[in-house]
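Chain residues, written in single-letter form:
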Amino acid sequence: METIATEIVVVGAGPGGYAAAFYAADKGKKVILVDRVERLGGVCLNHGCIPSKALLHATKAIREVDESNARGISFGAPKINLDELRAWKDSVLEKLGQGLSMLSQKRGVEVLRGKGHFEESQTLRVETREGQKFINYEKAIIAVGTRPAMPSAFDLGNRRVMTSTEALEIEEVPKTLLVVGGGYIGMELGTVYATLGSQVVLTEALSSMLVGVDSDLVRPVMRYAEKAFKAVRLNTKVVKMATSGKQIKVTLAVDGVQREETYDRVLVSVGRVPNCKDLGLENTKVTLDEKGFIQVNGQRRTSDPAVYAIGDVVGGALLAHKASKEARIVVEAISGESSTFEGVIIPAVVFTDPEVAWCGLTEAEAKERGIPVQVARFSWAASGRALTLDRPDGLTKLIIEPETERILGVGIVGSGAGDLISEGVLAVQMGATARDLAESVHPHPTLSETLMEAAEVFYGYPTHTLTPKRR
Amino acid sequence: MDVRVPRLAEGVESATVANILVSEGGRIEKDQVILELETEKAVGPIPSPASGTVTKIHVKEGDEVAVGQVLISLAEAGAVEKVPREKRDGQRRGEVSVAAPREAVSVQERPQPKEEPAGEYRYESRSGFPPPASPSVTKIARELNIDLTRVRGSERGGRITREDLRAYIQHLQRIADAPRPVSEKIEKPALKGIDFSRWGPIEKKRISSLRRTVGQRMYDSWSTIPHITQMDEADITDLLALRKKYAAAFAKKGAHLTLTPFALKAAVAALKKYPIFNSSMDEATGEIVYKDYFHLGVAVDTEAGLIVPVLRDVDKKRLWDLAVELNELVEKTRQRKVSLEELQGGTFTISNQGGIGGSHFTPIINKPEVAVLGLGRGVLKPVVKKAKVETRMMLPLCLSYDHRVIDGADAVRFMMELVQALENFPEKELKG
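Protein chains in written order, with this note's numbering: chain X, 46 to 516; chain A, 62 to 493.
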């Protein structure tokens, strides 16, 4: 048995955990980073953001080839070598993983591979390959994240019923694929498989895909999905599944009427659950909320003064960049600074086709909370750049506080929305007004002009569109 | 419609809700009293501006409310009853609104500082967003523990810049360096936390807001003005004889003739001769303000505590008018129906304890006045007059004055003038 003393131990090496470990090391702390898997980077790098975006990018070529036909440039039918595609994707992950290892090493962050278990408030036991190690720490940062939910009714122990983790391995391109859940994971991976040639049926229990996103931003995505997928079934519940030879028999319920269908594979994307079990949290003073997420304050401290938690495991937006921001806050809090998560604007991006991105207040939220706002919309049909890209199916909108003209929120749907939203984040976080945005020159011809023109719509004098009202 | 706290009086920005006389859902008529507000030294009724139904009461008894704050919502009679959306009351239409000041009741006639007092500005947003400021400014504010909702932003949309933050901090520093404002709170007694019941049975009563106000003003006056009390006695044997002679005539006019009207008249005579006693010191400008009017405060002992209503233009009124007015004012004050205006503008104060008893005492100056006259109870004393011992009624007089403005020699002169005025009170003043 070996006991190691450290100032900070970070459990989980995802975008929250490694960011915290690196920042703490940069601030001169002695840090140990613990993770179960060999490659650092957590779900984001191994089974989430990065592999899914690699596959979306790779398959985008196929979608663009299709669109290109109408522009007078044609190619032959694509040939798909899944092994090479997978290998390329894995090489991206490997490169990034090695980068993280190198960054840890150079910073003097000690990385322990193994499962962490809290023995008491200030002792963590790690089961490494070389045996148990005990870490006595001053502060612990839990960043163990979430995993895909797999309701027991679907858990057949059959590899044909996949979560996002398995789906990203693209063992095969099934002829038919049922995607259960119309959230961003189902939409993104459904797009990958549909492009690769699967007949994709997407079901969503609620009345809309991407629930929570403003409906005008969802509409272009819905149009794409209806075209690319074999079917999009809203208000549809999956009741049960059963193995049926080399297929999966699925019982669906639409308006109380049940029917059976068979699919070669099923992707279950119905949400994510926190990895709080088997952590030994019962040996600390850490408390969980009713959904099993760790309860923390604005500084991300748990009910145990020696234990902090960040990222997916504390709930809220389950997004990598939220975890990374919390990593900054938690390290500063431990260093005695007064940083807090309150007032931090977290953008969200869905990498569908087209992409959807938003930040700050949404129109739906404003309506729900009775906040009076004015919404300025600029359709990409009026954007020169969007037309040259042959992607006029976009919309940029600003949620504006009428009295002060302050920008409270930004929503974008369209090609590259995920990159465009950053300007919106800057505007909201800085407390910018629509006037600030309207008066900042945006280069032509770019999609970023749509933000400026949306602000001009608010004042009634956009160059490239007509508006009835003037301010 | 919303019924808001009306303008109360010059310099009075807040009040305490004393009694709420209506209930939610109840009907009220125009001019019916909705509730009573306790301000400074009086309880004032707030009448309803219209008939209708009370849809919501936004305050509770004991609340401190500011001018402009919503008291109740009223569905006007005849108007269609609508569900009030008053959750966001007190906010103006604009996103950036200045919440009404909630400072303690301040002493009247306090010279207004040119800068807005700290704590006046409050950023409020219906969207619930924090004040607009860049992350770097937010970070500095957090490190310095500065609440950004109190900082007025100078940029578009009220955005707070580093310069705004700096200006705010400098403003706080100037306030900290400035002479203590008169509204300074009484320091907490050191006795806090002692369990007096260990030594016997006790009863606890909350200090009323009037008591607090009186205490605050007394503390302020006593701790900021160098007080000297000049003592003397006046022979009022003749004056009492005069009073007796005219008592019946006065009673017929409904005036109970106490010693106070005489003292008021005598004081005015002395004030006219020594105008420094009728002045105020303007601490802000370093000037002495002489007043060409004679509004005299009279300390009234009420159930709730000391209240000082003011009699206007004492010099211009006949004695019996003064007596009638004084009786009315005292009665109104005891019932706590005296208006705020009637409590302001005094130039000199008389505190007559003689009705109860007592001899010499050291009255506290009613700031921003510079002197106060205390009267004890007249007692018969052997007095040597023209080498003969006579029994005379002697009235204890005590004059406290602000030694920053007035010197002892002036005080003696004033006192001599006063004694003279009382001892030779002109009978013509009583004829009416």
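Treat the hints as calculated values from the structure; they're not laboratory data. By construction, the Cβ of each residue, glycine as well, lies at the ideal position given by its N, Cα and C atoms. Take these hints with a grain of salt, some might be off.
These stretches of chain X come out as covered by chain A in the derived footprint (C-beta under 8 Å, 3 or more residues) [as the list claims (entries may be wrong)]: (1) 257-266; (2) 372-382.
What follows is a list of derived Cβ distance ranges for each label pair [claimed, not checked]: (3) A:K266 <-> X:V256: 43 to 51 Å; (4) X:G316 <-> A:E216: 40 to 48 Å; (5) A:E137 <-> X:G343: 43 to 51 Å.
Once the Cα atoms are required to be at most 30 Å apart in a straight line, the calculated BS3-like pairs of lysine-lysine come out as [what the hints assert, rightly or not]: (6) X:K105 <-> X:K140; (7) A:K117 <-> X:K412; (8) X:K72 <-> A:K200; (9) A:K266 <-> A:K306; (10) A:K334 <-> X:K75.
Hinted pair, alpha-carbon criterion (30 Å max): K334 (chain A), K75 (chain X). Please report holds or violated.
At roughly 84 Å apart (the allowed maximum being 30 Å), K75 (chain X) and K334 (chain A) break the hint.
Just to be careful, I want the Cα atoms of K72 (chain X) and K200 (chain A) compared with a cutoff of 30 Å; is the pair within it?
Status holds; Cα separation ~18 Å.
How does the coverage statement for the region 372-382 of chain X fare against chain A, requiring three or more residues with Cβ below 8 Å from a Cβ of that chain?
violated (count 1)
In this structure, is the beta-carbon distance linking K266 (chain A) and V256 (chain X) contained in 43 to 51 Å?
58 Å, violated
Given that the region 257-266 of chain X was listed as covered by chain A, double-check it with a C-beta distance under 8 Å for 3 or more residues.
violated (count 0)
Can you confirm whether the C-alpha distance between K117 (chain A) and K412 (chain X) stays at or below 30 Å?
Distance ~25 Å between K117 (chain A) and K412 (chain X) Cα, so the pair holds.
Between E137 (chain A) and G343 (chain X), does the beta-carbon spacing fit 43 to 51 Å?
Taking Cβ atoms as reference, E137 (chain A) and G343 (chain X) lie about 45 Å apart, which means the hint holds.
With the threshold set at 30 Å, check whether the alpha-carbon distance from K105 (chain X) to K140 (chain X) stays at or below it.
22 Å, holds
For the pair G316 (chain X) and E216 (chain A), does the Cβ-Cβ distance stay inside 40 to 48 Å?
42 Å, holds
Do the alpha carbons of K266 (chain A) and K306 (chain A) lie within 30 Å of each other, as the hint requires?
With Cα atoms ~47 Å apart, K266 (chain A) and K306 (chain A) exceed 30 Å; violated.
Going through the hint list in order, the structure does not satisfy hints 1, 2, 3, 9, 10.
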